[in-house]
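Colleague: Which chain is which? The protein sequence lines are X and F, in order. The end of the first sequence is residue 538 by this note's numbering, with every number in the run present. The end of the second sequence is residue 538 by this note's numbering, with every number in the run present.
For the record, the hints were derived by calculation from the structure and aren't laboratory data. Among the hints, erroneous ones may be present.
When chains are identical, the list treats them as one kind, so a pair holds in a single copy or across two.
To be verified - Below, computed lysine-lysine pairings styled on DSSO-like, alpha-carbon distance capped at 30 Å:
{"no.": "1", "residue 1": "Lys476", "residue 2": "Lys240"}
{"no.": "2", "residue 1": "Lys374", "residue 2": "Lys362"}
{"no.": "3", "residue 1": "Lys537", "residue 2": "Lys525"}
{"no.": "4", "residue 1": "Lys157", "residue 2": "Lys71"}
{"no.": "5", "residue 1": "Lys369", "residue 2": "Lys358"}
2 protein chains.
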Amino acid sequence: MNSTYRDIFKWGDKREEKVDKGTLKVVKEKLNFSDSDLAERYLTGEMEVTIEKPVGIDKTLLERFASIVGADNVKTDDYSRASYAYGKFYAELVNLRMEYIPSPPDAVISPRTTEEIIEIVKLCNEYGIAITPCGGLSSVTRGVETPKGGISLDLTAHLNKVINLNTVNATVTVQSGMFGPAFENYLNSVGFTCGHFPQSFEYSTVGGWFAAKGAGQASTGYGKIEHMVLAIKVVTPSGVIETKCFPASAQGWDLHLIFAGSEGTLGVITEITMKVRRYMPENTQYASFAFKNFESAVNAMRTVMQSGVGLPHLFRISDPEETEIAFKTKGFDGTFADWFLRIMGYKSGSRCLMFMGVDGSKAYAKQVKKSVKAICRKNGSFFIGASPTLKWLEQRYSSAYLRDPLMDIGIMTDTIETAVMWDNLVNVWNSARNYLKHRPKTVVMSHISHVYENGANLYFTFLSPMEKGNELNDYAQFHKGLVDTINASGGSLSHHHGVGRSLAPWMETQLGVYSLNLMQAIKNHLDPKGIMNPGDTLGLKP
Amino acid sequence: MNSTYRDIFKWGDKREEKVDKGTLKVVKEKLNFSDSDLAERYLTGEMEVTIEKPVGIDKTLLERFASIVGADNVKTDDYSRASYAYGKFYAELVNLRMEYIPSPPDAVISPRTTEEIIEIVKLCNEYGIAITPCGGLSSVTRGVETPKGGISLDLTAHLNKVINLNTVNATVTVQSGMFGPAFENYLNSVGFTCGHFPQSFEYSTVGGWFAAKGAGQASTGYGKIEHMVLAIKVVTPSGVIETKCFPASAQGWDLHLIFAGSEGTLGVITEITMKVRRYMPENTQYASFAFKNFESAVNAMRTVMQSGVGLPHLFRISDPEETEIAFKTKGFDGTFADWFLRIMGYKSGSRCLMFMGVDGSKAYAKQVKKSVKAICRKNGSFFIGASPTLKWLEQRYSSAYLRDPLMDIGIMTDTIETAVMWDNLVNVWNSARNYLKHRPKTVVMSHISHVYENGANLYFTFLSPMEKGNELNDYAQFHKGLVDTINASGGSLSHHHGVGRSLAPWMETQLGVYSLNLMQAIKNHLDPKGIMNPGDTLGLKP
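Work out the full structure, taking the sequences as your base and the hints as a guide.
Modeller: Pasting the structure below:
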């Protein structure tokens, strides 16, 4: 039976991860942790959950909700409310560990149909009750918090099914609350793949992917989620918008794309029709490369993307520090192969790893791999076979779950990511790293993981000891400085995590006042009373 | 010196095209035209232009415009006003031939800078004067008409330059009024291509491409214009929106895409930053195929798009009637090769031609061509080499200019196009053809020319004798029935021609009232006084 704060901040299956030996070694070496530091268990949140704030929706109204969705699907108990109070943003996890939940939703409601959602939205609009649409709650941007209380709409309990597979069109229509694994397993069983594998894959939903404008690890080939979705159904306070499915069209601007990145502020997305691709894992080609430095790896990657050789699906570069740490944590450090690479001039501290995977027909995958190898060779790389990429794939999701045991031993660990044009990539990478490394005892691992003809993302993971007793302020300041730095150097606010509330304060600076006004006007039209995920999400009012 | 109505409806270089012998043969055979019919010259519009409607903007205001852009850049003479009264929609050309221009703009203004446009928009907003932003006037949807008079903003006179080429990012920033050939020639000279070659290429502009959401003949590989544009600057009555350039991002929904397909109703697009690709024509591979019937050609095309073999850039199928006419007009009919194809079972009346071109690296282009050949072979095709595709490319733009000489001999000739999902393609093709063939003496040529994983466009060209004395009503009824038919069978209103005013009456049915309301709300926010391309464009008010 789940009942503690710890149950909430753990991932969906409540697994207790352990920090692996390799990572422990890095923590000891780089953060100066002693064995006794490592034995500590800090802010573990093992108390039973209790919520002080009373339910702010009166009984009559709760009964009306119950009459719509059934009594079983309206929950107002403390644990349910607590479970929907936060996503997975670092500061949210600290709050949970501190057993601090000042503003939970008043109720968690699990609708069974789109029609029920229409009724709920009507009722909430009538009484001015906030609605926060929720998928897997994996938001790392404070996107699912409920500062205005109201109801959290759990779309995963019932709205989690495939509605229609069209094998001729290669499209699938799916309810927004379906989780990644169930969706992909179904598609694989009928010969397709969704091609969208964010790190949150195991605990995120199709609707969440689209609402937060996510990207999967194979996005270089398959595109971001907004490039895959063809049509949606969305319940807004101003009516149900259902766009038609065309491969492309010219009948005004594309309205479904307004909901890509809308983060619950415009309405409840209930159905999504998206492209699927043929599932042919037997054809996939993998390759890994060592480069002498970051710049040459980036140059090779850019050349691949701009040379008309076709596209890898998975395409990544780990920067020197991430590469060094990968070598340490995977036990590669000090091996013969490590020695050999050093001898060859691929020295620790400057060398970089590149991972590549390409799907498609046998001939396509082989041709792309061959072309990538040739371009990498010209940029001074050393081909190190498929296995480093395959090893990375083994932990493609689980590496995220390390955060909890690291926080148990008092380590602040967070990520931030941005999109940049090629000519600004090294600059933003340097600026963000310099900022982060300014903090004593801070490990910073950076990678590029979503690549385009014209630029790429940059993804930073940092580890540093918590400032005990001042965790939240310390983090807030550090985070603010980091976002300021990235913005000042020309990176986007986000490439695929979204904005939520954590990045909302930068929206006007980043977009300009007229752009933000346009977003607000769209919000005001669709949600005139401001009930949809209110409280500064995306920098929108209320 | 240009001065007649005929000068206006001719294309930009005022060339006098002749109907080629092949087409004359088809007209004689299929439309029953005699030699004396062919000798006729009908509604040739050779009168001097005179405009009855007085200039509706008072002198003081005209002087204020002149003080902004310079007196030379404000024109109110009859010929200038007449030149901006219409695009290239069939009924507009008939009007010109009938020397009928009831609602020209009051003035044609050619701004020199974005700053001047800002001042013009301010002034027009203050006085409620309509603004119609104009590129090459190649609209075939009544998108540049001026039912409310006001000013036509000619963006081509001065705002026609490349602002910046970024060879690292592979992007170019260009003023919206630059014509296709100048743009592409510049890009070629620095090793790039824009990849966007609509049939209107020679007389259309980058801004027009984006505002009308066009597609080029190589869109299967390079994408539609909305897939290529990364950032824009647009002057709206509510302020200047300038989006930042990122390869992709997750900072709210993508605002620049709201202007893709906005058709001048939201503001004046002044700058566009778009992807460019490496220009490597020496690598391009071409292939042409004959298929026994339309269905097998479509099946092969769909299989190519869904098999992960890479993408052709140019990818087309001509349906049996278009194929038959191509054979006749190109003098292929009755040759040995024709006989041989018939013997092999590729019979006139059911056989179809497929054209393919693939750009990119040598290895990529070869691999894609090989894969396409294998898939086509499996679908019963006969490979007929590169030359039919190359022949088609020779007349890729000029075939459009045939319309004028055909109208000279009293032939109604028009096109319509739609986007469909694969599973509905043959149905829409049949429905539209059945409708069109219902009219006596009507030639209907159909092709697929823009192809996606999930569907494609369908493009219909029809020729039929004008109903003399009742040209406009006859056409209006025929056109209405055709659009009704396509919509009823599930095609989109347009794939790449846009909506303008000619398709506006179908917008609410096609999109639904809530979607159209959302578009109207966006319009109302950006253009609260309704001065931007007013008069029902896109079905928006006013």
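Colleague: Now look at each hint and say whether the structure bears it out.
Modeller: Verification of the supplied hints:
| no. | hint | result |
| --- | --- | --- |
| 1 | Lys476 with Lys240 | between (41 Å within a copy, 21 Å between copies) |
| 2 | Lys374 with Lys362 | both (19 Å within a copy, 22 Å between copies) |
| 3 | Lys537 with Lys525 | both (10 Å within a copy, 25 Å between copies) |
| 4 | Lys157 with Lys71 | within (22 Å within a copy, 62 Å between copies) |
| 5 | Lys369 with Lys358 | both (17 Å within a copy, 15 Å between copies) |
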